[in-house]
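Put chain G on the given structure of chain A with help from the hints.
The primary structure of each chain is shown beneath.
Number of protein chains: 2
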Amino acid sequence: MPVIHRAIPALRRLRLSNTAFQQQSRLQPRPAQVLRPASQIVQLRHQHNNTEKAEASTSAGGADHSPQEQPDRPQSKIKYTSESYPNLKRDSRFKEVTADDVKFFRGLLGEGSAVLDGVTQKTGEEDFEAYNADWMRKYRGQCRLVLKPETTEHVSKILKYCNDNLLAVTPQGGNTGLVGGSVPVFDEIVLSLSKLNTVRSFDDVSGVLVADAGVILQQADDYVAQHNHIFPLDLGAKGTCQIGANVATNAGGLRLLRYGSMHGNILGLEVVLPDGTVMDDLGTLRKNNTGYDLKQLFIGAEGTIGVITAISILCPQRSPAVNVAYFGLESYEKVQEAFKEAKKQLSEILSAFELMDHQSQDLYRQASGAKLPLENDYPFYCLIETSGSNTDHDSEKLNNFLEHVMGEEIVQDGVVAQDETQLQSLWACREGISEAGQHFGGVYKYDLSIPLGQLYDLVIETRERFQKNGLMGDSDDFPVKEVIGYGHMGDSNLHLNVATRRYDKEVEKAIEPWVYEWVSKRNGSISAEHGLGLAKKEFIGYSRSETMIALMKGVKGLYDPNGIMNPYKYI
Amino acid sequence: MPVIHRAIPALRRLRLSNTAFQQQSRLQPRPAQVLRPASQIVQLRHQHNNTEKAEASTSAGGADHSPQEQPDRPQSKIKYTSESYPNLKRDSRFKEVTADDVKFFRGLLGEGSAVLDGVTQKTGEEDFEAYNADWMRKYRGQCRLVLKPETTEHVSKILKYCNDNLLAVTPQGGNTGLVGGSVPVFDEIVLSLSKLNTVRSFDDVSGVLVADAGVILQQADDYVAQHNHIFPLDLGAKGTCQIGANVATNAGGLRLLRYGSMHGNILGLEVVLPDGTVMDDLGTLRKNNTGYDLKQLFIGAEGTIGVITAISILCPQRSPAVNVAYFGLESYEKVQEAFKEAKKQLSEILSAFELMDHQSQDLYRQASGAKLPLENDYPFYCLIETSGSNTDHDSEKLNNFLEHVMGEEIVQDGVVAQDETQLQSLWACREGISEAGQHFGGVYKYDLSIPLGQLYDLVIETRERFQKNGLMGDSDDFPVKEVIGYGHMGDSNLHLNVATRRYDKEVEKAIEPWVYEWVSKRNGSISAEHGLGLAKKEFIGYSRSETMIALMKGVKGLYDPNGIMNPYKYI
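Here the protein sequences line up with chains A and G, keeping their order. In terms of UniProt numbering, the first sequence is numbered consecutively and its last residue is 571. In terms of UniProt numbering, the second sequence is numbered consecutively and its last residue is 571.
Excised from the complex, chain A in its bound form:
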């Protein structure tokens, strides 16, 4: 029988335990739940998300599926993408950059730092490393010219010149992408948006922010936070990634369950098309039914049909109160019931509903040495976050919800964070899984969307697969240590991880392309939120029909007939 939770009177009758908490965080019980301003949780979560970022790093499929290098190992030189993908050949239609081209760009952008020139100047490869290589150290291009326009007009003139002269271009934001989309493959010119970084306007009545594409996400959120608003997107790479590129990759992130997708929140875009045309669709209106909503095409187009130079986005009111609860459940059916109840009872304040299976939590415990929040083991765990405008109301709703789900035996046991430290510990149980997976060797990671009812079946079947083929076991004889499943339940977004002890080609063979076929049969998505880039280009057929791909190619042909924009990638 679990220990009664003594700190929260409303929960006395429940089998809530926070002894694990007390030991873990060495805190005295407090008389009531302490809820914190949302601005703090963002900071906190941001730290967590450095691991979330790492988590996503190897989900990118592609040619190299060997277990990832550990960050603390000495780093070898990154292979050129052209070596990792030997089938990729440079498109001979594209012109190589010449001294004349550099002269044109210098004339446009000046002699300062806006042009990084390795064509006519003696520069080392290392000067281009930040633009050629991705942060996962998985992709490496061979660009020798980086342009950093300061105005939309610059972008227009650059693209027109490149289009007229068949110079290939890779637009680049913060270069925090996970699928190799933001770095060149061969000698494409890198068009960095970093100098286009001004907030143009914010209307604190409507909540509409208009800002240049190169504004850092964290800065955009800090800006609207001063006016008690929140940028409707939150990501691990927040301190580096740029809002224009967030839109270009249709970033999902942590706030999607609550605030919805970019397609709903983006009110306007300014986009430069490959021929230099400036698409002036930077409205600030919530309603505007005057013709095709063209801007939508550029959301998630990964820079393949134009360059987003500015965005207009609807920012919601910032929630002053945040609560987090963690609980154990007996089955995936109970998880679904709990999710239904949470949607019903927490409705307008529910901001996260995260799923973690027993295996993922056990791996986290083993790897981190942390004690788990609950005393007993359960097949499944969930983490719930609420964000609302009234602390007392939110606590009451959450307590009522917990009483109900425990009374109905949907949930077996649970805890509610009572201060910042506990809240951090609970989120760590979810966000520490990624690192835990890599702790014992390497990990194969898949970022998938699957209809909710079938979401966990994939984890069970993957596990059975490795049990049957003799690749998984407790001793070091087996390459696979564990198969774990976790993710954003609220978005039907599963992270399937196969934690391995060492690289073994048989493991890869056993899971691919089987996993993509499995997802395809259930009308799922092989890339929930990370996009296609270079890594998943070849797998799009598992998520899209030939008809859809042909129609997509029609759009590419319409806007980029010369194919100069971010070539070799996407579709």
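In short, the hints are calculated from the structure, not lab data. Don't take each hint at face value.
The list cannot tell twin chains apart, which means a pair is met if one copy fits it or any two copies do.
Here are the simulated SDA-like cross-link-like pairs (lysine to any residue), alpha carbons at most 20 Å apart as the crow flies [what the hints assert, rightly or not]:
(1) Lys340 with Met406
(2) Lys344 with Asp392
(3) Lys521 with Asn399
(4) Lys340 with Tyr223
(5) Lys344 with Gln226
Only a predicted model underlies this, so the values are computations on that prediction, with no experimental measurement involved.
Below, chain G alone, put in the same frame as chain A:
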């Protein structure tokens, strides 16, 4: 000093008055606020919205701006659109429907009611009236063939045949549009979606509904209501309009402030392109970053590039509690402050924030004979609705909000509905304005999006314009009785109405195209939610640049190179 509101203890100290209410609704004061299930409010609002629907009817611009006929006058025959728009000529490229064509369609759809044939059969014009004429009695086409496919395959075969034979097609849903988009202009074949009306699936865990395009909006909402969900769109025409056409027209409606636009809520579409290709993008996933999001193009395309045959839409949890408050304010600046405070304090439960000026309420009072809720007059009034999961919490939030805005003198006076009847009376003050405008003669109506800070300036300037040119006054000598402003403050959506005593060409001259120029200068939209159709086709230049229009024409050319889809309209 207004009377103290005695029924709500929390409001005792406020200058709230509900005496008007008591007289109006003849109710005894009740001990506490009675909040109602959302399902009831929908029914209620639906009744109201028959007037909202009427309100929108003449906002459609176009060639005929004469004051609308009153519904109770004997109805004359509706003019053919070709007579009202003499500049429109039938495109001679389009083939006329022949007996052979009818034979093909009969072979495909059978001998039953799926083909309404006036080509080879002797039928009266009245048999086609429901398909040729819009419900506003403003547009009338000359179609002699109506097809009612029962499957997506039917639609595909019909469109392929029409495309191959250059037969023009007008897709038609419930034919409740406001801009003449859903009726033919000449002899276009009407493709009715009414027999494609099955709910395909509903997942009550994820809240995703998949349904045929021809399902009636009310039926869709009733269906998900059984599972405690809500269709994220609510409209006056709910009992007649179809969900596929709602998507095709990017309908806004009453729930936009809370649940966002179609672009965020639509998860998938099945669309038949003019060449018969079925675009199978009917996913149910919240996250799917695998290529261009093509379905977005068809949201708001008004049937000009394809026919939506099925939709997949995310339905939120239904709110069990609904509250309504009505208050008076001294200036538009105070209205903006109140809106900011409502967003801040009511945040996650705010579901409507409606603006009404003094003139609109006075006109409503004169026309309806109803007593207004507040004793004193104020330059502005607002109606606030909250929807949430917890009745007590919502009431407390609303009361706290009202205490604050009255304490700070942002709001001068206010009432909160205590039962269904009072709630209905409050909504009537907002929704009765439309009918009131027409009560004294006719009305010119404009449905506009304007940045919030400048939204009311247009009403003031329009009023000044009519005062200066001597067209507006209290006696019958003046054609203009009043200029009123009201609308969806939460969506920056203004309804500007000029209530007239009689038709006078000078009135029209004084306001057009001045009003469109005014909106254009402020980057507003000449059509917030009603679309372009035939009525606003010629005015799109006031809301979109030549570049944007050229790009839109590129999309039209890509999907409908023969131009057979809904010709003569849109862009």
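Okay, the hints, checked on the actual structure:
1. Lys340 with Met406: The answer is within: 14 Å in one copy meets 20 Å, while 39 Å across copies does not.
2. Lys344 with Asp392: both (19 Å within a copy, 16 Å between copies)
3. Lys521 with Asn399: Answer is neither: 40 Å inside a copy and 52 Å across each miss the 20 Å cutoff.
4. Lys340 with Tyr223: Answer is between; shortest inter-copy Cα gap is 17 Å, intra-copy 35 Å.
5. Lys344 with Gln226: Answer is between: at 13 Å across copies they meet the 20 Å cutoff, but 32 Å inside does not.
Of the numbered hints listed earlier, the single one contradicted by the structure is hint 3.
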